[in-house]
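Turn these sequences into a full structure, and let the hints steer you where they fit.
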Amino acid sequence: MRELDVVGPQLAVLLAAGAVLAWDALAPPRRAALPWIALAGLAGAAAWTTAWAVRGDFGEAFEGTFSIDAFSVFFQYVFAGVTAIVVIASIDWVEREGRRQSEYYALVLTAAAGLMFLAGARDLITIFLALELSSIPQYALAGWGKDRRSGEAGVKYLLLGAIASALLLYGMALLYGFSGSTLLTDIAAAVAERGADNRSLLAAASVLLIAGFGFKMAVVPFQMWVPDVYQGAPTPVAAFLSVGSKAAAFAVVMRLFFEGLGEEFLSDDWAMIFAVVAAVSMTLGNVLALVQRDIKRMLGYSSIAQAGNFMIGLAAVAVAGERFVAGASGVLLFVAAYAFTNLGAFIAVIAISRRTGSDEIASYAGLWRRAPLLALALAFCLVSLAGIPPTAGFWAKLYVFNAGVRADLVWLVIVGVLNSVVSAYYYLAVVRRMFLGEAEDERRLPVAPTVALALGVATLGVLVFGIVPMPLVAAAREAAAVFAGG
Amino acid sequence: MDVPGVSEAVLWAIILCPLAAFTAIALYLRKLPKLAGWLSIAAITASFALALVALVDTLGADGRAATHTHDWFHAGPLQLSLGVRLDGLTAVMLVVVTSVALLVQVYSQGYMERDPGYGRYYAWMSLFITAMLGLVLADNLLMLFVFWELVGLSSYLLIGFWFHKPSAAAAAKKAFIVTRIGDLGLLAAMLLIWTRGGTLAIDEIHELVLTGALSGTTLTLFGLGLFAGAVGKSAQFPLHVWLPDAMEGPTPVSALIHAATMVAAGVYLMARFFPVLEASPDARETVAWIGAATVAVGAALALVQTDLKRVLAYSTISQLGYMMLALGVFGYAVAVFHLFTHAFFKALLFLGSGSVNHATNTFDMRRMGGLRTVMPLTFWTFLIGTLSLAGVFPLAGFWSKDEILLEAWHQNRALYAIAAVAAFATALYMFRAVFMTFFGTYKGGEPVDPSDEDSHFHGDPAHPHESGRVMTWPLLALAAGAVAAGWWAWGREFQHFVEGAVPADALHHAPAFSYGIAIASSLIAVAGIAAAWAIYQRRLVDSAEIRRTAYPLALLLERKFFLDDLYERAFAAGLFQRGWNRLVAAFDAFAVDGAVNGAGWLGMQSGRVLRHAQTGQVQLYGAALAAGAVVAAIIVLATGS
Numbered sequence: 001m002r003e004l005d006v007v008g009p010q011l012a013v014l015l016a017a018g019a020v021l022a023w024d025a026l027a028p029p030r031r032a033a034l035p036w037i038a039l040a041g042l043a044g045a046a047a048w049t050t051a052w053a054v055r056g057d058f059g060e061a062f063e064g065t066f067s068i069d070a071f072s073v074f075f076q077y078v079f080a081g082v083t084a085i086v087v088i089a090s091i092d093w094v095e096r097e098g099r100r101q102s103e104y105y106a107l108v109l110t111a112a113a114g115l116m117f118l119a120g121a122r123d124l125i126t127i128f129l130a131l132e133l134s135s136i137p138q139y140a141l142a143g144w145g146k147d148r149r150s151g152e153a154g155v156k157y158l159l160l161g162a163i164a165s166a167l168l169l170y171g172m173a174l175l176y177g178f179s180g181s182t183l184l185t186d187i188a189a190a191v192a193e194r195g196a197d198n199r200s201l202l203a204a205a206s207v208l209l210i211a212g213f214g215f216k217m218a219v220v221p222f223q224m225w226v227p228d229v230y231q232g233a234p235t236p237v238a239a240f241l242s243v244g245s246k247a248a249a250f251a252v253v254m255r256l257f258f259e260g261l262g263e264e265f266l267s268d269d270w271a272m273i274f275a276v277v278a279a280v281s282m283t284l285g286n287v288l289a290l291v292q293r294d295i296k297r298m299l300g301y302s303s304i305a306q307a308g309n310f311m312i313g314l315a316a317v318a319v320a321g322e323r324f325v326a327g328a329s330g331v332l333l334f335v336a337a338y339a340f341t342n343l344g345a346f347i348a349v350i351a352i353s354r355r356t357g358s359d360e361i362a363s364y365a366g367l368w369r370r371a372p373l374l375a376l377a378l379a380f381c382l383v384s385l386a387g388i389p390p391t392a393g394f395w396a397k398l399y400v401f402n403a404g405v406r407a408d409l410v411w412l413v414i415v416g417v418l419n420s421v422v423s424a425y426y427y428l429a430v431v432r433r434m435f436l437g438e439a440e441d442e443r444r445l446p447v448a449p450t451v452a453l454a455l456g457v458a459t460l461g462v463l464v465f466g467i468v469p470m471p472l473v474a475a476a477r478e479a480a481a482v483f484a485g486g
Numbered sequence: 001m002d003v004p005g006v007s008e009a010v011l012w013a014i015i016l017c018p019l020a021a022f023t024a025i026a027l028y029l030r031k032l033p034k035l036a037g038w039l040s041i042a043a044i045t046a047s048f049a050l051a052l053v054a055l056v057d058t059l060g061a062d063g064r065a066a067t068h069t070h071d072w073f074h075a076g077p078l079q080l081s082l083g084v085r086l087d088g089l090t091a092v093m094l095v096v097v098t099s100v101a102l103l104v105q106v107y108s109q110g111y112m113e114r115d116p117g118y119g120r121y122y123a124w125m126s127l128f129i130t131a132m133l134g135l136v137l138a139d140n141l142l143m144l145f146v147f148w149e150l151v152g153l154s155s156y157l158l159i160g161f162w163f164h165k166p167s168a169a170a171a172a173k174k175a176f177i178v179t180r181i182g183d184l185g186l187l188a189a190m191l192l193i194w195t196r197g198g199t200l201a202i203d204e205i206h207e208l209v210l211t212g213a214l215s216g217t218t219l220t221l222f223g224l225g226l227f228a229g230a231v232g233k234s235a236q237f238p239l240h241v242w243l244p245d246a247m248e249g250p251t252p253v254s255a256l257i258h259a260a261t262m263v264a265a266g267v268y269l270m271a272r273f274f275p276v277l278e279a280s281p282d283a284r285e286t287v288a289w290i291g292a293a294t295v296a297v298g299a300a301l302a303l304v305q306t307d308l309k310r311v312l313a314y315s316t317i318s319q320l321g322y323m324m325l326a327l328g329v330f331g332y333a334v335a336v337f338h339l340f341t342h343a344f345f346k347a348l349l350f351l352g353s354g355s356v357n358h359a360t361n362t363f364d365m366r367r368m369g370g371l372r373t374v375m376p377l378t379f380w381t382f383l384i385g386t387l388s389l390a391g392v393f394p395l396a397g398f399w400s401k402d403e404i405l406l407e408a409w410h411q412n413r414a415l416y417a418i419a420a421v422a423a424f425a426t427a428l429y430m431f432r433a434v435f436m437t438f439f440g441t442y443k444g445g446e447p448v449d450p451s452d453e454d455s456h457f458h459g460d461p462a463h464p465h466e467s468g469r470v471m472t473w474p475l476l477a478l479a480a481g482a483v484a485a486g487w488w489a490w491g492r493e494f495q496h497f498v499e500g501a502v503p504a505d506a507l508h509h510a511p512a513f514s515y516g517i518a519i520a521s522s523l524i525a526v527a528g529i530a531a532a533w534a535i536y537q538r539r540l541v542d543s544a545e546i547r548r549t550a551y552p553l554a555l556l557l558e559r560k561f562f563l564d565d566l567y568e569r570a571f572a573a574g575l576f577q578r579g580w581n582r583l584v585a586a587f588d589a590f591a592v593d594g595a596v597n598g599a600g601w602l603g604m605q606s607g608r609v610l611r612h613a614q615t616g617q618v619q620l621y622g623a624a625l626a627a628g629a630v631v632a633a634i635i636v637l638a639t640g641s
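Protein sequence lines correspond, in order, to chains A and B.
Here the working numbering is used: the first residue of the first sequence is 1, the next is one more, and so on.
Here the working numbering is used: the first residue of the second sequence is 1, the next is one more, and so on.
I should point out that these hints are in silico values taken from the structure, not numbers from a laboratory.
Beta carbons are placed, not taken as given, at the ideal position from N, Cα and C, and that holds for glycine.
Please note: incorrect hints may appear among the correct ones.
[Said to hold, decoys possible] Which stretches of chain A does chain B cover? Using the computed rule of at least three CB atoms under 8 Å from a CB of chain B, they are:
| hint | region |
| --- | --- |
| 1 | 159-170 |
| 2 | 192-204 |
| 3 | 209-217 |
| 4 | 222-234 |
| 5 | 388-400 |
[To be verified] Mimicking SDA-like on lysine to any residue, the simulated pairs with C-alpha atoms at most 20 Å apart in a straight line are:
| hint | chain 1 | residue 1 | chain 2 | residue 2 |
| --- | --- | --- | --- | --- |
| 6 | B | LYS31 | B | GLU113 |
| 7 | B | LYS31 | A | GLY366 |
| 8 | B | LYS31 | A | ARG443 |
| 9 | B | LYS31 | A | ARG369 |
| 10 | B | LYS31 | B | GLY110 |
| 11 | B | LYS34 | B | ALA46 |
| 12 | B | LYS443 | B | ASP364 |
| 13 | B | LYS34 | B | GLY468 |
| 14 | B | LYS173 | B | ASP564 |
| 15 | A | LYS146 | A | ASP92 |
| 16 | B | LYS31 | A | LEU376 |
| 17 | B | LYS165 | B | ASP364 |
| 18 | B | LYS165 | B | ASP449 |
| 19 | B | LYS560 | B | ALA300 |
| 20 | B | LYS31 | A | GLU442 |
| 21 | B | LYS560 | B | ALA170 |
| 22 | A | LYS146 | A | ARG354 |
| 23 | B | LYS34 | B | PHE161 |
| 24 | B | LYS31 | A | LEU373 |
| 25 | B | LYS31 | A | ARG444 |
[As the list claims (entries may be wrong)] Examples of chain A residues lying across from chain B (beta carbon under 7 Å, computed):
| hint | residue |
| --- | --- |
| 26 | ARG55 |
| 27 | ASP269 |
| 28 | ARG406 |
| 29 | PRO469 |
Written out as structure tokens, the structure reads:
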């Protein structure tokens, strides 16, 4: 029974997915209840996670392939929260689309369950299965919209995702071939024992794994799908992709590299790759975001640049006395802050384009007069993305940069700071347009109450953690402590 | 050794009340101006009441400090904290800020009536009050700096309140930029103490200073950096040029921000870090002499102004100079005491000038006169404020100014001489203003221009009348302060109270009250009044004659020592345009453009080129994905073992 208890949160979410489908089959006229069933499932998952967190009786299950610890608890909260916000923000859009509503929610929930499995996976097979469980529904969701662009996005995402999975499997196969086991603990032991003689093999495996997960993390050079898919996919789905699957990929990479491949002679190699990829992602993402006219594409490129910021935390392994922990807690803090921030930005876009019918940045001019609260919320999220106080994004950036400096990656932090300046330019350009631009159409923009709720929760998170950052920092540090002594 | 026991929640509530008002007005009440005004007044009343609670409590603890510090953020060695501090100095500032703010807000109900920006006005004022209260409650330099900047921002917004007037917009910009120059110094001081001392907490900085843990150079640089910030904010020479222009804002704004509170923030800052001045003679001397220069420049320029508000503005500069001078001659408690009394009589004078403006539609004293009879309340309260400022016994200004002169006498006779001459000038220019405004015959004010849609003047300038009660009552309340605020110093009560706020080792024994100095300063004040009476009332000497005789001096004063010209020509247009600017332009074109604009340009260009790679072709994307992995692998294998 302990096994069931360990995966209880995931089961609650899957159960809700089934319930959503069943409800649609049994009581089709009462479709309005569907999202609330989904939310109930997520609430159940969060409650179950809380029960674990309170008991603190952490450990392994399924013969070491899956574990529940502070780290997975942290991510289960993130995924439950992100999914809940996405579900709420989707209600208005899904109702208007009108078709196959139950499938939409069921797919979102299934993907969420996959993400939550990833948080605790400590075995190559489990990781791969959980990754596919979360990916396949996301391919379908990307192609959910009625127009051709959405279909194109879905197919592109699927095809490229398949290539990425292939690279990933190849890397996993190399690791298995080397160690004879799929368990991360066994792999770590094998690396410690005879890794030094097989450094090239392990380096090749590292590169393949980084490529496979780099696709999900959306870092250069594995990012080319991002703008096309974000622009084509329905906006709530784009929001989900930009936060959920990115966060999950970072979670798995931390498990895999810090636990499985954490030997010092190896971490020198892969930390260098992470550092370079971070620098290139930040720079390329920001430079390309500068020239975008479509806000969803801009947010797409910005999410590439943000992934580069996260990755500074992966590269910052060599902090004296806090090996892995300083960097990992930076990544976790960034994941949480970014989840609120980016969801908020995407939801604001949902609310605006739903009414104006345009994703052009130019159409945001004078938004302040048409929808003051909406403009204010979006402004806070953009300011947070730019890393300006008093927002959650500021502290995340400060923390990660601080970890970078302590790990002697001063050059990388300088690249990051310069990139922050560039990014502030395009984020604040939107803010300036909203507040100082002249609107062509002065009419008020009505906002659906559910969208307003989702946006309110996200923006509140950005601000509350901007003003009182310590609880989040403490949670991130506690979760990252699982890597202590690595 | 008890410390103030007042609950920490009370202190935070003092800041949060006006903040709540600001938020509510900004988000919901812009369209309901009446409600905005009342909400703002209610919030500041609550803050005032809580400030009184804090004051009483601190009195019971002899002004010693209680700090409530919380860990705000830390990452490894990087630690930031957030906290409030209550001691004698803070308690005095809290009461000054909240009481003057309350009266000004009430007065504004009348003064800003029918202004289309009424709601906005109360929002910005509430924001300013929040920031100012945060500034005086902050227990560390970082928080102080954040509120310091917020104060600057709200001052900018309020000076430019009538932003459609080009002069107001320009004045706002000027104030913002000039004070920012000083803020660079403050920022540098913060970084210095952070790198050398590893802390930003006020307590710990005091500790470092007193134990001698910092080198003399560090101390001096730190003190001068702080002082640079104070020079900008408190309009000290040579950065005083923004304050007279700031009079473009609504008059209640001038009363609260540019007379009583914000401009005193620089003095507060130096008082807060008084142990630094104590430990660094160089920094202290600089403060004293800059203060004295400001005293002289402000008083001289006030003599030639024809605009009533500008007389008051230069007078404020001069009085702030007195406070700095006092700090520079070890007169910590005296400086704070003068800040305290000055807040009341200067706010009173500004509000009085606003009341006059309400009747005459002008601030030009040449178009006033004889208002004594039609505006008796305004006249009498203005006269009280003037007497207090001139330092006439037994009004508030007498006590505080006399003590500054006393301290200066004991430290440095040259400084005393400057301060004494300026005291004569103070009485002269203030009574010049009184005679021109309230005596003689009425010159008709400024006729209302019916084509000026921005003007919200109502009434008839040809027939001036007393202002309504909502405006005169605050005048009466402030007049009471201008009379009685000085009596707190009786038996050195006030000094003892604020001295509790600094470590005892940092204090000097203050010289005893001297009848000689007191009688001398009274005679100086009376002489100034008599001179003004002779020139501007009885016209025994023609002021135009004086101007002709001393033409070069008059020109120097009328052109404000050519400082504005210097700044504009040298920094905004002239010198820069030529030699230096060539260099800068070249640097700008190659280095800065290359880095900033160039980064933008390069970004845009490379963005344009790179986006061509984004063909939308899935084959290409897949190939890039695989190629990326291959390239990474080659690099790793090549560079690795």
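These are the hints, each one checked on the structure:
Coverage of the region 159-170 of chain A by chain B holds in this model, with 5 residues showing a Cβ closer than 8 Å to a Cβ of that chain against a need of three. Residue count for the region 192-204 of chain A with a Cβ under 8 Å from a Cβ of chain B: 4. That meets the three needed, and the coverage hint holds. With a threshold of 8 Å between beta carbons, the proposed coverage of the region 209-217 of chain A by chain B holds, since 4 of its residues qualify and at least three are required. With 5 residues having a Cβ less than 8 Å from any Cβ of chain B, the region 222-234 of chain A passes the three-residue criterion, so the hint holds.
Chain B is given as covering the region 388-400 of chain A, and this holds because 3 residues of the stretch bring a CB closer than 8 Å to a CB of that chain, at least three being needed. A hinted pair counts as satisfied when its Cα atoms are at most 20 Å apart, and LYS31/B with GLU113/B qualifies at roughly 15 Å. Simply put, LYS31/B and GLY366/A have alpha-carbon atoms about 18 Å apart, close enough for the 20 Å limit, and the pair holds. Between LYS31/B and ARG443/A the alpha-carbon distance is near 17 Å, which keeps this suggested pair within the 20 Å criterion.
The hinted pair formed by LYS31/B and ARG369/A meets the criterion: a straight-line CA distance of about 13 Å does not exceed 20 Å. Proximity of LYS31/B to GLY110/B is assessed by CA-CA distance (about 19 Å); at most 20 Å being required, the pair is judged to hold. At most 20 Å may separate the alpha-carbon atoms for a hinted pair to count; LYS34/B and ALA46/B meet this at roughly 19 Å. Between LYS443/B and ASP364/B the alpha-carbon distance is near 10 Å, which keeps this suggested pair within the 20 Å criterion.
Distance check on the hinted pair: LYS34/B and GLY468/B sit about 17 Å apart at the alpha-carbon level, within 20 Å; holds. For the proposed pair LYS173/B and ASP564/B, the alpha carbon gap of about 14 Å is at most 20 Å, so the pair holds. Annotation: proposed proximity of LYS146/A to ASP92/A holds, straight-line Cα distance about 16 Å (limit 20 Å). Distance restraint check for LYS31/B and LEU376/A: the Cα-Cα separation of roughly 18 Å lies within the 20 Å cut-off, and the hinted pair is therefore satisfied.
About 18 Å separates the Cα atoms of LYS165/B and ASP364/B, which keeps this hinted pair within 20 Å; it holds. For the given pair, LYS165/B sits about 15 Å from ASP449/B by alpha-carbon distance, which is consistent with the 20 Å threshold. Under the criterion of a C-alpha separation no larger than 20 Å, the hint pairing LYS560/B with ALA300/B is consistent with the structure, at around 9 Å. For the hint linking LYS31/B to GLU442/A, the alpha-carbon distance of about 17 Å falls within 20 Å, and the restraint holds.
Restraint check for LYS560/B and ALA170/B: satisfied, since their Cα atoms lie roughly 18 Å apart, inside the 20 Å limit. Under the criterion of a C-alpha separation no larger than 20 Å, the hint pairing LYS146/A with ARG354/A is consistent with the structure, at around 15 Å. Between LYS34/B and PHE161/B the alpha-carbon distance is near 18 Å, which keeps this suggested pair within the 20 Å criterion. Straight-line distance between C-alpha atoms of LYS31/B and LEU373/A comes to about 15 Å, which keeps the hinted pair within the 20 Å bound.
Proposed proximity of LYS31/B and ARG444/A is supported: the alpha carbons are some 15 Å apart, at most 20 Å. With its C-beta approaching chain B no nearer than about 28 Å, ARG55/A sits outside the 7 Å limit, and its interface hint is violated. Against a cut-off of 7 Å between C-beta atoms, the interface hint on ASP269/A holds, since the closest Cβ of chain B lies about 5 Å away. Checking ARG406/A against chain B: minimum C-beta separation of about 6 Å stays under 7 Å; hint holds.
The restraint placing PRO469/A at the interface with chain B holds, with a minimum CB-CB distance near 5 Å, inside the 7 Å limit.
Comparing the model with each numbered hint stated earlier shows that hint 26 is the single one that does not hold.
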